[in-house]
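Given chain A's structure and the hints, the job is docking chain B onto it.
What follows is each chain in one-letter form.
Number of protein chains: 2
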Amino acid sequence: MSKLIVGIDIGGTNTKFGLTDFEGNVVFQSKIKTRGNGSFPKYITKLAEAIHIGKSESAPEADIIGVGVGAPNANYYRGTIEHAPNLEWKGIVPLVDTLKTHFDVPVIVTNDANAAAMGEMIYGNAKELKDFIMITLGTGLGSGIVCGGRLVHGHDGFAAEIGHVTVNPNGRLCGCGKRGCLETYVSATGIKRTVYKMLADELDDSELRGISFDDLSTKKISECAMNGDSVAKKAFEYTGQILGAKLADSVAHTDPEVIFLFGGLSQAGDLIFEPTRRHLEANLMQIYKGKVQVLPSGLGNQSAPILGAASLIVDHFNNSSSI
Amino acid sequence: MSKLIVGIDIGGTNTKFGLTDFEGNVVFQSKIKTRGNGSFPKYITKLAEAIHIGKSESAPEADIIGVGVGAPNANYYRGTIEHAPNLEWKGIVPLVDTLKTHFDVPVIVTNDANAAAMGEMIYGNAKELKDFIMITLGTGLGSGIVCGGRLVHGHDGFAAEIGHVTVNPNGRLCGCGKRGCLETYVSATGIKRTVYKMLADELDDSELRGISFDDLSTKKISECAMNGDSVAKKAFEYTGQILGAKLADSVAHTDPEVIFLFGGLSQAGDLIFEPTRRHLEANLMQIYKGKVQVLPSGLGNQSAPILGAASLIVDHFNNSSSI
Numbered sequence: 001m002s003k004l005i006v007g008i009d010i011g012g013t014n015t016k017f018g019l020t021d022f023e024g025n026v027v028f029q030s031k032i033k034t035r036g037n038g039s040f041p042k043y044i045t046k047l048a049e050a051i052h053i054g055k056s057e058s059a060p061e062a063d064i065i066g067v068g069v070g071a072p073n074a075n076y077y078r079g080t081i082e083h084a085p086n087l088e089w090k091g092i093v094p095l096v097d098t099l100k101t102h103f104d105v106p107v108i109v110t111n112d113a114n115a116a117a118m119g120e121m122i123y124g125n126a127k128e129l130k131d132f133i134m135i136t137l138g139t140g141l142g143s144g145i146v147c148g149g150r151l152v153h154g155h156d157g158f159a160a161e162i163g164h165v166t167v168n169p170n171g172r173l174c175g176c177g178k179r180g181c182l183e184t185y186v187s188a189t190g191i192k193r194t195v196y197k198m199l200a201d202e203l204d205d206s207e208l209r210g211i212s213f214d215d216l217s218t219k220k221i222s223e224c225a226m227n228g229d230s231v232a233k234k235a236f237e238y239t240g241q242i243l244g245a246k247l248a249d250s251v252a253h254t255d256p257e258v259i260f261l262f263g264g265l266s267q268a269g270d271l272i273f274e275p276t277r278r279h280l281e282a283n284l285m286q287i288y289k290g291k292v293q294v295l296p297s298g299l300g301n302q303s304a305p306i307l308g309a310a311s312l313i314v315d316h317f318n319n320s321s322s323i
Numbered sequence: 001m002s003k004l005i006v007g008i009d010i011g012g013t014n015t016k017f018g019l020t021d022f023e024g025n026v027v028f029q030s031k032i033k034t035r036g037n038g039s040f041p042k043y044i045t046k047l048a049e050a051i052h053i054g055k056s057e058s059a060p061e062a063d064i065i066g067v068g069v070g071a072p073n074a075n076y077y078r079g080t081i082e083h084a085p086n087l088e089w090k091g092i093v094p095l096v097d098t099l100k101t102h103f104d105v106p107v108i109v110t111n112d113a114n115a116a117a118m119g120e121m122i123y124g125n126a127k128e129l130k131d132f133i134m135i136t137l138g139t140g141l142g143s144g145i146v147c148g149g150r151l152v153h154g155h156d157g158f159a160a161e162i163g164h165v166t167v168n169p170n171g172r173l174c175g176c177g178k179r180g181c182l183e184t185y186v187s188a189t190g191i192k193r194t195v196y197k198m199l200a201d202e203l204d205d206s207e208l209r210g211i212s213f214d215d216l217s218t219k220k221i222s223e224c225a226m227n228g229d230s231v232a233k234k235a236f237e238y239t240g241q242i243l244g245a246k247l248a249d250s251v252a253h254t255d256p257e258v259i260f261l262f263g264g265l266s267q268a269g270d271l272i273f274e275p276t277r278r279h280l281e282a283n284l285m286q287i288y289k290g291k292v293q294v295l296p297s298g299l300g301n302q303s304a305p306i307l308g309a310a311s312l313i314v315d316h317f318n319n320s321s322s323i
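Chains A and B are the protein sequences, given in the same order. For reference, each letter of the first sequence is one residue, going 1 to 323 in this note's numbering. For reference, each letter of the second sequence is one residue, going 1 to 323 in this note's numbering.
It is possible that some hints are incorrect.
Because identical chains share one entry, a pair is satisfied inside a single copy or across any pair of copies.
Said to hold, decoys possible - Cut-off 25 Å, straight-line C-alpha distance, at most; resulting in silico cross-link-like pairs (DSS-like, lysine-lysine):
no. : residue 1 : residue 2
1   : Lys178    : Lys291
2   : Lys42     : Lys31
3   : Lys31     : Lys55
4   : Lys289    : Lys178
5   : Lys291    : Lys90
6   : Lys90     : Lys289
7   : Lys219    : Lys233
8   : Lys46     : Lys31
9   : Lys197    : Lys233
10  : Lys219    : Lys31
11  : Lys234    : Lys220
Read the hints as simulated data drawn from the structure, not as lab findings.
Chain A with its partners taken away, still in its complex shape (with noise of 0.2 Å):
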């Protein structure tokens, strides 16, 4: 009978299901709106329901032997979601208890970078890999940290928040109350605010001009920047900039081997590649230089967020084999 391992991406709009083997093929999969599901029980209940249903179509033989979760402010160690500004249940949410009326079975929860980071390990770019960094660039700007091979999940399950390093103690408010985060200039709305100001501050004669900020996407700056728009081009250089001369100090603290760079952002290539390998290489301690590469993650598909959470348990049982 086959083993199966269901992922679970919970995102501030969507939640996206499904699952997968070990060697990262996904049977199936599917999503339902986060929001309007009444309370969080019911929202489990409504999810649970889905993935049994799933399941019962696309492989009703299959054995469920887990559950992993990515979750925005998901502690590791209480299996909890603790006051995530992004979702509609306040103060500490009881994700794996609450999991676990539905499934017999050993949940995993984690943030939701820290899942890519684990998902980039066991099915991505990072097989081989036992210190390196994953940075998430969608709305904000999510991390997960490995070294020695094992996900860094801090003395209280929050490590990893390189979104909120400062850049800029007077600089832009950021979602998380502090001003000046990384994720305010490093993120698709970050580079957002970076076109507002630059056609705030400037002349350029720019397409951008004529997009109100609702409208402006990164893929609409890219856009303009492969078509030579000056403001688009300098929005990028600017965003490599930050996020180069941020992922230095990174460096500095876990040495890592390789950078991924995830998410809507990083599909500008090397629009955002180039500028951030650049700065990051000038910021560097000579003791660094030249040894640390910036790459495209692995798991470059509509499936990541779900082979991301699902990894969490492939990692568990992996761990508790070869002990």
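This is chain B only, laid out in the frame that chain A set:
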């Protein structure tokens, strides 16, 4: 027959060495000059002879079971010292191989601040901790990072150079060749530079105006601050402000339970701890606030460098026996 460990701390001026047991009782310690001994093999021969003589006089019956070494720019994986700016041997020096010609036991090296972190975990105030950061405040700022009970070495053996994260890319020139590194502000030398900057910029009366840069010391600045000297007080506030702000970035990487401060500048007590704690707390993300302590090292004595180095061997045997 008792078992003893050799601990060696190679500094720019002196090489300290000693013999300790697994409980941290130092049965012998001494030092030689690091410079002026000729070639690297000749220096190691002199060092080994001094250790063998010390052992024959203090513990002739004991067995030496390992040699731990803390040294600047030491590489844990390769057993080398690489391009250390403050040592007279240039390029890559085969530290472990040369020591092994004199000691037929495990020899483990790492940089001095990593050794201090390990010493804190084995013999000091971090015995119960799995996640902490050690900051050593000497001529420069060294650091060691422990995650999940393991020292972070990084992919290339050079992790934890927090002294070289960037405070200001256009700031003070650092010995490493970069500008604006943390250690140019926060270290024994850093606070002297801050005093001199303040004496240049402001007109405050200050006893410090009568002291040359070469004669100025952390101890003197400390005494002046205790006596109410406004420049000295402002220099400590500024040092703590920069250290606290940058440590908030370190917390966003590895989420430590405690950050230990060790070395000369930490002897200033509340003059440095109070502003560091205040500015750390002010710069932390909400999820970390009130959860990270800044404490003095428990290795506050003359034997600390030897214990730190020796602890590498204790850790080696602890991990060997547990696998």
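Is it within, between, both, or neither for Lys90 and Lys289, if the alpha carbons may be no more than 25 Å apart?
between (44 Å within a copy, 18 Å between copies)
Give the relationship of Lys178 and Lys291 under a CA distance limit of 25 Å: within one copy only, between copies only, both, or neither.
Between. Shortest inter-copy distance 17 Å satisfies the 25 Å Cα cut-off; intra-copy 33 Å does not.
Checking an output row: Lys234 and Lys220, CA cutoff 25 Å. Within, between, both or neither?
The answer is within: 14 Å in one copy meets 25 Å, while 49 Å across copies does not.
Intra/inter-copy verdict for Lys31 and Lys55 if alpha-carbon distance must be at most 25 Å
Within. Shortest intra-copy distance 14 Å satisfies the 25 Å Cα cut-off; inter-copy 69 Å does not.
Within a copy, between copies, both or neither: where do Lys42 and Lys31 come within 25 Å Cα-Cα?
Within one copy only: 16 Å inside a chain, 69 Å across chains, cut-off 25 Å.
Indicate which option fits the pair Lys289, Lys178 if close means a Cα-Cα distance not exceeding 25 Å: within, between, both or neither.
between (32 Å within a copy, 12 Å between copies)
Lys291 and Lys90: within-copy, between-copy, both or neither at 25 Å Cα
between (43 Å within a copy, 21 Å between copies)
Could you figure out if Lys219 and Lys233 sit no more than 25 Å apart (CA to CA) within one copy, between two copies, both or neither?
within (13 Å within a copy, 52 Å between copies)
Could you place Lys219 and Lys31 in one of the four classes (within, between, both, neither) given a Cα distance threshold of 25 Å?
Classified as within: same-chain Cα gap 24 Å, cross-chain 63 Å, threshold 25 Å.
Intra- versus inter-copy proximity for Lys31 and Lys46 (alpha-carbon distance at most 25 Å):
Within one copy, since 11 Å is at most 25 Å while 70 Å is not.
Checking an output row: Lys197 and Lys233, CA cutoff 25 Å. Within, between, both or neither?
within (14 Å within a copy, 39 Å between copies)
Going down the numbered hints, you'll see the structure goes against none, and every one checks out.
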